[in-house]
Amino acid sequence: MVVSLGELAVRFGCELRGDPQARVERVATLANADERSLAFLANPHYRPQLAATRAAAVVLDAASADACPTQSLICDNPYATYARIAAVLHPAPPAAPGVHPSALVAPGVRVDPSAQVGAFASIDAGAVVGARSYIGPHCHLDGGVTLAEDVRLVARVTLCGGVQLGARVVVHPGVVIGSDGFGFASERGTWLKVPQLGGVRIEADVEIGANTTIDRGAIEDTVLEEGVKLDNLIQVGHNVRIGAHSVLAACVGISGSATIGKRCMIGGGAGFNGHISIADDVVITGYTMVSHSITQPGIYSGGIPLEEAGAWRRLVARFKRSGRLESRVKRLERAAGVQSGQEEDHD
Amino acid sequence: MVVSLGELAVRFGCELRGDPQARVERVATLANADERSLAFLANPHYRPQLAATRAAAVVLDAASADACPTQSLICDNPYATYARIAAVLHPAPPAAPGVHPSALVAPGVRVDPSAQVGAFASIDAGAVVGARSYIGPHCHLDGGVTLAEDVRLVARVTLCGGVQLGARVVVHPGVVIGSDGFGFASERGTWLKVPQLGGVRIEADVEIGANTTIDRGAIEDTVLEEGVKLDNLIQVGHNVRIGAHSVLAACVGISGSATIGKRCMIGGGAGFNGHISIADDVVITGYTMVSHSITQPGIYSGGIPLEEAGAWRRLVARFKRSGRLESRVKRLERAAGVQSGQEEDHD
Amino acid sequence: MVVSLGELAVRFGCELRGDPQARVERVATLANADERSLAFLANPHYRPQLAATRAAAVVLDAASADACPTQSLICDNPYATYARIAAVLHPAPPAAPGVHPSALVAPGVRVDPSAQVGAFASIDAGAVVGARSYIGPHCHLDGGVTLAEDVRLVARVTLCGGVQLGARVVVHPGVVIGSDGFGFASERGTWLKVPQLGGVRIEADVEIGANTTIDRGAIEDTVLEEGVKLDNLIQVGHNVRIGAHSVLAACVGISGSATIGKRCMIGGGAGFNGHISIADDVVITGYTMVSHSITQPGIYSGGIPLEEAGAWRRLVARFKRSGRLESRVKRLERAAGVQSGQEEDHD
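In the order they appear, the protein sequences are chains S, G and Z. Heads up: the first sequence begins at 1 in our numbering, then just goes up one per residue. Heads up: the second sequence begins at 1 in our numbering, then just goes up one per residue. Heads up: the third sequence begins at 1 in our numbering, then just goes up one per residue.
Everything labelled a hint here was simulated from the structure, so no lab data went into it. Where hints are given, some of them may not hold.
As the list makes no split between identical chains, a pair holds if one copy fits it or if it spans any two.
Taking lysine-lysine pairs in the DSS-like style, the calculated list, with each CA pair at most 30 Å apart, reads [unchecked claim]:
1) K320 x K262
2) K262 x K193
3) K330 x K320
All values reported here derive from a predicted model rather than from experimental measurement.
Okay, chain S solo, but in the shape it has when bound:
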């Protein structure tokens, strides 16, 4: 789509430095933009590329504007403004309401006439598909599933019994929602399956990345509140609750019955113990083992940066003999008549 800079400036509240009649037709990176492209600068990491850009215009903030060699659209939040402009320049393909001839929609399923059901999709009796929702190819919906309006299941999504998706939820390929949680009772050396009877409630504007899994609750529901964003390959155990507008990067694992607050940011590869509770506005950096509840907002960490292998081996060896080092210090204290460290040796 071709749009003038003037129209973009007005529509998104930017200050335009340049020709309102100039037109852009696509987005591009600063490094590879041409005279028909719009670029943006949000991450300072890419600031060095600004001087040499050949973009028609750059979306950036006031602090960077004077360094911009081309036309610019100046705003407070360049990344969000870029996102909105990109959606205008590269609109999603138009909806094509209707059920693909190869899809299997059981009698009794309510599919809104404005919804679209793709090839080889299967929907069991009792499911409900809201207005303008999109069920991509190879999706399967069990009978108890309810989709609100404008839901988008990209492709090959499996929704098991008792899953409710709110408005505008987006689910990427390979996702499984509503699978049985990991519930087994120990009994005479074997494991007895505990029936998993709850559902999954996903509120509006949630997005869920490829091959992520979200288990149904054991009795009550697993819940993702509105605006939560999950990346790929995340595990959400049964009866987990994730608060509104929290974002979780890839490969995170959340054990059963853990609660994560609102507006939390969870780094990739972090893991949460079961039955713990994380306050609102908590940031967890990547690779952190979250072993206990967190009651205060703040940033929390638990990953150790890598070292060259030999240096790392020495560090680990010292770590493993830290008890001996404590003993040596204690001996020195005794020899020197210093008392201060004694309380620390009872382990």
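Here the structure of chain S is known, so what remains is to put chains G and Z in place on it, guided by the hints.
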């Protein structure tokens, strides 16, 4: 299903404190149960909720019975008893034997007449499906696959060549069993694929969580012994063997040819090196890197609990300069004429 | 397939110690081989099994040849030679060109006549499938997908818009390539989706393990260069680039815009921060958090081997009080009139 407390007490060997004619019709949590619900208390975490419960009856052990404000079913293992009662109150939907008209069952496949094959399932020539087994929608079975009786493939499960599933095995959506293992030979700077020719043998009563992957053996089989339970998003490399009744929480990775003993319990996010051997009755806590064999039963750990980010940065900085601290202690020992620590500095 | 040792020796450049007319018909492990089987010895871990093998012949290197009790094929790289021989003895099933009647190939898709499209595969208008490529059952290809020749999608692979696969690429079941990257702009306490507009370019001879996910680029492409091998359950974020002939073990996560060099070897469970750059010829051992760029080839580590749980708790407790130990050493230094450690306490 509606059942009387008296019938439950007799059937599951509980002591009933209450009216044998009283009836329950569903399970519920202690906090949200009503006068038609049965609740349970097994995890002490939920003990505080007992006093206020409005459940018709609570399944619990003798030690908690006096604190129960309602009727109770007293037994030694409340969680297992709850599991059995839940299965009675919420029975699985009845089987519907037969092959869905949209399914593709190749000529020469032996599907027991009591088995059920769902929508868009595909089964290649040579596969065998045992009595009362359930092949859910969108499953694919290669020709070499054999399913014993009462197997349940919930939906969208892929079984590649040479996979054998024992009786009552349950496999959740998105699981891949029998994919090629990660075998490549280094040759002049590139990687040459090593044909993966083995199968996967899954014994009776195994359950496998959503999106878990289990590779076929390189030459001989990958094996999961009876009663093993795998959670979601677990990786099992080629020629791994997991001993009977071991349970593995989500996001565990097991490298090729590792052997895990019987009755092990593996916490979420743990990882196993290849070609190592873990004894029976080993417990690995979450987030542990299992880098070498374990010969003795016991509990093993390797994860460090998180800290507030600033405190964590200081801990890591101290860890990284631990060599200097050892040197400082050595210098003090020398100054004080103490000898004891010298043997520890040769790294 | 039955082959003589003489033919194998000539074809793969081995020194044969034994009867050129002797025949083998399958591969087997040293421990379980019989007189019709060919075994190999490459990993010294299995050296003890050599003496008792009953294999018809063993592929091994000159250093092990004298210890071999049976016929042998001696070569410099036994594992690679074994791989080639295994492919001869156990050839892949012959191709069956054509489109399965149940597959949905949209008008305008170019499928080479020598290609094969399996049951329930769906290919949208605009896709291109090269010569001798194999689209297994339940695969889905969006309209923008291009497959070169001899590509193999084993089963249930999802390729979203703008994915290009080079010659001989192999993709295992459950893989998702081209899903949206994790791009959201923060705006007034909620997250605004940033359109993901780039593609994924996979060069020749790449192999991708089961349930791995590879996101499309945000603007430009995510790239896997030729010969890269990915194991199962790996996450590759948007705009990642992985250099030629690098191998990544299972459960690795790579955050967006990270670059990994050529010929790198990445251990299982490692994780990479976004926007970092790893040099060529880097080895990362398992479970390492790669938090910053690496500019020099070498081996890098970050995982701590496990301990018995009680010993581990004491180690962690000492780690957490390392600040106090530093203070105690400083106090001792002050008492002893030693100055050397002071510069290290400013944290």
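Enumerated hints in conflict with the structure, sorted upward: Checked against the structure, no hint fails, so every one of them is satisfied.
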